[in-house]
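Asker: From just these sequences and the hints, can you work out the full model?
Top to bottom, those sequences are chains L and G. Be aware that the first sequence starts at 1, since it is given in this note's numbering, and climbs by one per residue. Be aware that the second sequence starts at 161, since it is given in this note's numbering, and climbs by one per residue.
Calculated from the structure, these hints are not laboratory results. Just so you know, not all the hints are guaranteed correct.
Reference excerpt, derived from the structure (chain G facing chain L, CB under 7 angstroms, subset only) [as the list claims (entries may be wrong)]:
| hint | residue |
| --- | --- |
| 1 | D175 |
| 2 | F178 |
| 3 | P355 |
| 4 | E607 |
| 5 | A609 |
| 6 | G654 |
| 7 | V851 |
| 8 | N873 |
| 9 | S875 |
| 10 | F876 |
| 11 | M881 |
| 12 | V887 |
Every residue gets a Cβ at the ideal spot worked out from N, C-alpha and C, and that includes glycine.
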Amino acid sequence: MTEELHDVRLVVNGVRHDLRLPARRLLSDALRHDLGLTGTHVGCEHGVCGACTVLLDGDPVRACLMFAVSAAGGEITTVEGLAGADGTLGPVQQAFRECHGLQCGFCTPGFLTTITAGLRANPAPTHEQAREMIAGNLCRCTGYQNIVAAVERAAELGAR
Amino acid sequence: MTTNLVGTPVARVEDDRFLRGLGRYVDDVLVGEQTLHAAVLRSPHAHARILDIDVDEVLDLEGVHAVWTHDDLEGPMAQPLPLLIPHPALTHGRTQYALARDEVNHVGEAIAFVVADDRYVAEDAVARIRVSYEVLPPVVGIDAARAATHLVHDDVPGNIGARLEQENGDARAAIDAAPHRLELDLTVERSACTPLEGRGTVARWDPDSGRLQVWTSTQTATGVRAAVAAKLGLDLGQVDVITPDVGGGFGVKINHPWPEELLVPLAARALGRPVKFTEDRREHFISSAHERGQVHHVEVGFDDEGRLLGLDVTFWHDHGAYTPYGLIVPIITSTQLLGPYKPEAYRVVFESLYTNTVMVTPYRGAGRPQGCFVMERTIDAIAAELGLDRADVRAANFIQPDEFPYDQGLIFQDGRELEYDSGDYPASLAKLKALVGWDEFPAFRAEMAAQGRRVGIGLACYVEGTGVGPYEGAHVHVETSGKVKVATGLTTQGQGHQTVFAQIVADALGVRFEDVEVVTGDTRRMPYAVGTFASRAAVMSGSAIHLAALRTREKALRIAADALEVDEADLEIVDGLVRVRGAVDHHLSLGTVAVLSNPLRYAFDEASKAATQFSVGDPGKPPVAEDDEPGLEGRDFYSPDRSTFASGMHAVIVETDPDTAQVRILKYAVVHDCGHLLNPMIVEGQIHGGVAQGVGGALFERMVYDEHGQLLNASFMDFLMPYVTEVPESIDIDHLETPSPLNPLGIKGAGEAGVIPSAAVCA
Numbered sequence: 001m002t003e004e005l006h007d008v009r010l011v012v013n014g015v016r017h018d019l020r021l022p023a024r025r026l027l028s029d030a031l032r033h034d035l036g037l038t039g040t041h042v043g044c045e046h047g048v049c050g051a052c053t054v055l056l057d058g059d060p061v062r063a064c065l066m067f068a069v070s071a072a073g074g075e076i077t078t079v080e081g082l083a084g085a086d087g088t089l090g091p092v093q094q095a096f097r098e099c100h101g102l103q104c105g106f107c108t109p110g111f112l113t114t115i116t117a118g119l120r121a122n123p124a125p126t127h128e129q130a131r132e133m134i135a136g137n138l139c140r141c142t143g144y145q146n147i148v149a150a151v152e153r154a155a156e157l158g159a160r
Numbered sequence: 161m162t163t164n165l166v167g168t169p170v171a172r173v174e175d176d177r178f179l180r181g182l183g184r185y186v187d188d189v190l191v192g193e194q195t196l197h198a199a200v201l202r203s204p205h206a207h208a209r210i211l212d213i214d215v216d217e218v219l220d221l222e223g224v225h226a227v228w229t230h231d232d233l234e235g236p237m238a239q240p241l242p243l244l245i246p247h248p249a250l251t252h253g254r255t256q257y258a259l260a261r262d263e264v265n266h267v268g269e270a271i272a273f274v275v276a277d278d279r280y281v282a283e284d285a286v287a288r289i290r291v292s293y294e295v296l297p298p299v300v301g302i303d304a305a306r307a308a309t310h311l312v313h314d315d316v317p318g319n320i321g322a323r324l325e326q327e328n329g330d331a332r333a334a335i336d337a338a339p340h341r342l343e344l345d346l347t348v349e350r351s352a353c354t355p356l357e358g359r360g361t362v363a364r365w366d367p368d369s370g371r372l373q374v375w376t377s378t379q380t381a382t383g384v385r386a387a388v389a390a391k392l393g394l395d396l397g398q399v400d401v402i403t404p405d406v407g408g409g410f411g412v413k414i415n416h417p418w419p420e421e422l423l424v425p426l427a428a429r430a431l432g433r434p435v436k437f438t439e440d441r442r443e444h445f446i447s448s449a450h451e452r453g454q455v456h457h458v459e460v461g462f463d464d465e466g467r468l469l470g471l472d473v474t475f476w477h478d479h480g481a482y483t484p485y486g487l488i489v490p491i492i493t494s495t496q497l498l499g500p501y502k503p504e505a506y507r508v509v510f511e512s513l514y515t516n517t518v519m520v521t522p523y524r525g526a527g528r529p530q531g532c533f534v535m536e537r538t539i540d541a542i543a544a545e546l547g548l549d550r551a552d553v554r555a556a557n558f559i560q561p562d563e564f565p566y567d568q569g570l571i572f573q574d575g576r577e578l579e580y581d582s583g584d585y586p587a588s589l590a591k592l593k594a595l596v597g598w599d600e601f602p603a604f605r606a607e608m609a610a611q612g613r614r615v616g617i618g619l620a621c622y623v624e625g626t627g628v629g630p631y632e633g634a635h636v637h638v639e640t641s642g643k644v645k646v647a648t649g650l651t652t653q654g655q656g657h658q659t660v661f662a663q664i665v666a667d668a669l670g671v672r673f674e675d676v677e678v679v680t681g682d683t684r685r686m687p688y689a690v691g692t693f694a695s696r697a698a699v700m701s702g703s704a705i706h707l708a709a710l711r712t713r714e715k716a717l718r719i720a721a722d723a724l725e726v727d728e729a730d731l732e733i734v735d736g737l738v739r740v741r742g743a744v745d746h747h748l749s750l751g752t753v754a755v756l757s758n759p760l761r762y763a764f765d766e767a768s769k770a771a772t773q774f775s776v777g778d779p780g781k782p783p784v785a786e787d788d789e790p791g792l793e794g795r796d797f798y799s800p801d802r803s804t805f806a807s808g809m810h811a812v813i814v815e816t817d818p819d820t821a822q823v824r825i826l827k828y829a830v831v832h833d834c835g836h837l838l839n840p841m842i843v844e845g846q847i848h849g850g851v852a853q854g855v856g857g858a859l860f861e862r863m864v865y866d867e868h869g870q871l872l873n874a875s876f877m878d879f880l881m882p883y884v885t886e887v888p889e890s891i892d893i894d895h896l897e898t899p900s901p902l903n904p905l906g907i908k909g910a911g912e913a914g915v916i917p918s919a920a921v922c923a
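Answerer: Shown next as structure tokens:
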């Protein structure tokens, strides 16, 4: 049994990739294993933990719940694409560092992408909105208090 | 000391790579077409005899390289996995095989191992394996295990793996003679660590050098190394185990070797290709480890002030299908149950029981949350019985500050006396009452009641033996560039070891923090180590690193004094420069000292040239003195007599909704004593995370097994790990610092503390 392969063009962090993939290849696996972009992490493979969240045409999606072929033609941003062109940390990344918003770092990429999209939609969240913004992502290390603080700090940094 | 970083909230050096997506977790290693991927066939039954395994259809599948069952394993690999921590009371210890032989004892037990081009094909192959089972009646839960109508293992009567009793004084007589008596029955449900990253192992066999490289998501690199060498018939020197970044552990990754930690290296050697196994979430629920499940019966006698005269605790510990980690969890429960209190007489007995469920190994807190829950419920019951303030009853039972060291008269998990080294429990309680507003609470409750709202307050105290032995070591190496390379053998799962250990070295050696690079969990760099568990990393490796840095400093001063022709006592090391006190311009860099320490024939770099102006050593003697060795390095080990005992107290104010049973946390307060703080930011982060896990355990999480031994909620959809919406919005933390006299930095462990009382406090 040889698997049928499909041509898939993915634009990831502004770079075009032409791949030939089986239809069942998850977007998360394509990013990690075919493109070597291992910053996107897989924590549950059933869409609950949010670690694999990437931005597809600017919107957060769970890369473990999507086939790579379904993302064909889309513009994808992963955690590797969040820093500035000159290598400086983006505001959300900087805020996580300042607020100690990460420990083991495994869930962090999904939080960073989720918050990046969240702040784009709502650049000045209230405290309650900051909590809601991350209410779909799981973290087992931090207890979330510092992540909420990082959302608020990122909003401050972004407003500058 | 030139810098003073220890004790300050230094930002973490780990963060930059994690924030850029440049962390290297085990599934990120050896990404590429050469690497093969493994999948495991796991038992669908809780208890069954394996009659036949048919793999004929598997090898026909394109892309499949190997399929193994127990029949394919030879020598030590075909024997049961090691029982890591034997104990005389563990009379009926049992461990699983790497792949099940004849019988399976829980849903999820590994039966067959497939290696294929990718994980998709490997899972296709697993689905083609046909197994014939004779299904046996499963033993699920503590009641069924005690009833012993059915046995998990035919040769373990009563399903009892161990029975252990300890007594200090005559508890029965004390209870019988006491003016007041109570009995309580208390149950703690199963939960699990559930790190966001599951288990995983990658291995590469290098036929040219005859060496095996293993990357594994573990809490003990040296443990896995020894296990792999023993099982694969290799010399220790042929096996390198490298712990990459680890996406959380919380205890489950201290157990080793997991079947896949042996099968992956075996396959890599057999197939001549790198092999990777990455556990998925369902596999983590059904084939790693759980904890917490215990049933307790308490009898207690006390006086009019609530002082404990006699305490008699019997409990039953559900250890699941196997006992690779011995009796560590129930021994900790039975001893740490005492917390900061000093009952006049205490007896504890437990039975550790087999069930046809996932095995039990330590989960953050490691038996202490259960002990704390039982003790604190008991004290609350005493207070209610006597109509006394719960805080006052606790205070009446505290060990007093002038009573340290305090011997509880029991044997702890490490086989040493349970002797507390230091603490100040009355001071902790005073801080906690102020922090949470204990004395103001009745007025707050009345105010809320007037609005029709129901609020309650709870408090809980714990003592935690941390920094358990036997030892850890450290190696500090100053390169000729002046960069300082530090290695310690235990591993890191998010605690920020690279940061805090660099703080220690910067202070002890007198170098810039930025010039220190710390490696953990790599057996190539430090082959002697134990592992990361029992809140021991800061105490054990922190102390070893401090000692090794001081040795390096001593050597640097000796060489520099010789080169500068001054007395060692007149030298100081500041920002990596060895200089004469009061004559700041008279100095040489540590990089130059490193050159001088290593009398070479060849010059490579600027530091070598700079060194030519100095001469060290006696020209009439060998260039490397008899009692010396080349290189500016220091190596040392720290091995304490016994554990150091951290402590703390939590209080919570909650609001309950009688219609929905929703519990909302209004205020959460923590007083925490882990001795001297190395990095308060990191310690508070550990407390935050621990409290979230404790609140999750108390209010949301449990492993739900049905009567057939099926785990009904083996996913993040159904196992309710807290999101941000379930945890306290903020946690008020106050620190007390009673230094440990047992180690050079006066520190105690902090990793597990947050979780220990947080179930008890919510009860």
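Asker: Now tell me, hint by hint, if it's right for this structure.
Answerer: Quick rundown of the hints versus the structure:
no.	hint	verdict
1	D175	holds, 5 angstroms
2	F178	holds, 3 angstroms
3	P355	holds, 6 angstroms
4	E607	violated, 24 angstroms
5	A609	violated, 26 angstroms
6	G654	holds, 3 angstroms
7	V851	holds, 6 angstroms
8	N873	violated, 12 angstroms
9	S875	holds, 6 angstroms
10	F876	holds, 4 angstroms
11	M881	holds, 6 angstroms
12	V887	holds, 6 angstroms
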